[in-house]
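Chemist: Sequences listed follow chains A and B, in order.
Per UniProt numbering, residue 1 is the first one in the first sequence, and the count goes up by one each step.
Per UniProt numbering, residue 1 is the first one in the second sequence, and the count goes up by one each step.
These aren't lab readings, by the way, just hints derived from the structure by calculation.
Any given hint could be a false lead.
Note: identical chains are not told apart, hence a pair may lie in one copy or across any two.
Unchecked claim - Once the Cα atoms are required to be at most 30 Å apart in a straight line, the calculated DSS-like pairs of lysine-lysine come out as: (1) K93 to K184; (2) K184 to K149; (3) K184 to K41; (4) K93 to K198; (5) K51 to K93; (6) K184 to K51.
Protein chains: 2
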Amino acid sequence: MNRDPESTRTKIMNAAESTILDRGFGGTTVNAVIEQADVSKGAFFHHFSSKAELGRQLVQRYADKDTQHLEQTLVKAEGLSDDPLQQLLIFVKLFEQEIESLEEPFPGCLFASYLQQSELFDDNILDIIRESMLLWRTRVLEKLKTIEKRYSHHNDVDLESLADMLMVIFEGSFVLSQSLNENKIIAQQLAHYHNYLKLLFEEKP
Amino acid sequence: MNRDPESTRTKIMNAAESTILDRGFGGTTVNAVIEQADVSKGAFFHHFSSKAELGRQLVQRYADKDTQHLEQTLVKAEGLSDDPLQQLLIFVKLFEQEIESLEEPFPGCLFASYLQQSELFDDNILDIIRESMLLWRTRVLEKLKTIEKRYSHHNDVDLESLADMLMVIFEGSFVLSQSLNENKIIAQQLAHYHNYLKLLFEEKP
């Protein structure tokens, strides 16, 4: 008798997420998830009508956490300085420090995992991912536009793609750190983005 | 009667590569590859003992092409200038132009696809990917070390991770362009890497 259905549900989702990050959605069976979560098939289908439905709920949970993480880190950075350039630099630095403090290898990104198998998912799922990525673009771009008004910058830099570059650095360094088994790659690459922003916008002496 | 076994082999490999890029290795069945390549099951197993063996040969072929692409582009860049900074800037610009000239959406990176399902592959396969990524690090780093001797630069920049940044930009922008369905993202991000290198090493006036 299970008195805590929410915890069974969470157990299944956590096991599925970790299995999918190792084997991909197409390489993950319901049986493998059940075994990893240590629950019965009945319990699984009580919570999820199908593997596809589990996949949808997983990416929605991931996107919600991602948004929360983005917004909270932005609020934190904005609380630490009044200057928009400093806010953005602190924002990047906070992610850098967070990744540096991880003791386990970074588990990977569920968005990238799904995108590598995009034909297995319907448009609703791909839209959830797209909206998450566009939110990063929007938030960083807002900050860059405020910075642009206050600071001179080196050359005609395209702000939208400069905003995208943060997500690009995250996703690309996840791939490299996965292959080379070096967690520090992620922090190092964020440091380069930080440095690039400084070089672009630093005040002329 | 098939008089051209090499072409059947290539047909199978091309069909498999494209299917894997859309559905992942775990989501790709031998039947799907056979259907896509329009060959018989007998022909498939004449050429490949198993799906795993096909997976190994595919990534080896991909790595060989990747290395050839890297080395040829480097030789081309070195032929266009004697200055190491200009050579590296041209090297990046050549990739940017190549991607800009693509008419179809970029199909994705087989390395990243495999890494997203790393538990489905043995160490030999993951080593092929790792060696390819390390070759990019080595080649770009050699160039950066030559540049460092000749140019002053802004601050203590870590050259190894700066070399890695090219691969990071490639892989990260593949993910973003896949999600947002914007091919131009890859060229835009390469342009930022190009710009960052210029800001780091440009001669002081």
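Chemist: Evaluate each hint against the coordinates.
Modeler: Hint check results:
For the identical chains of this complex, K93 and K184 are neighbours both inside a copy (14 Å) and across copies (28 Å), given an alpha-carbon limit of 30 Å. Within a single copy, K184 and K149 get their C-alpha atoms only as close as 34 Å, which misses the 30 Å cut-off; across copies the closest is 26 Å, which meets it. In the homo-oligomer, the alpha carbons of K184 and K41 never lie at most 30 Å apart, since the shortest distance is 39 Å inside one protomer and 45 Å across protomers. Taking identical chains as interchangeable, the C-alpha atoms of K93 and K198 lie at most 30 Å apart whether they share a chain (12 Å) or sit on different chains (23 Å).
Taking CA atoms no more than 30 Å apart as the test, K51 paired with K93 passes in neither setting, with 38 Å inside one copy and 44 Å between copies. Taking the shortest Cα distances, K184 and K51 never come within 30 Å of each other, neither inside one copy (34 Å) nor across copies (34 Å).
Of the hints listed earlier, those the structure fails to meet are numbers 3, 5 and 6, in rising order.
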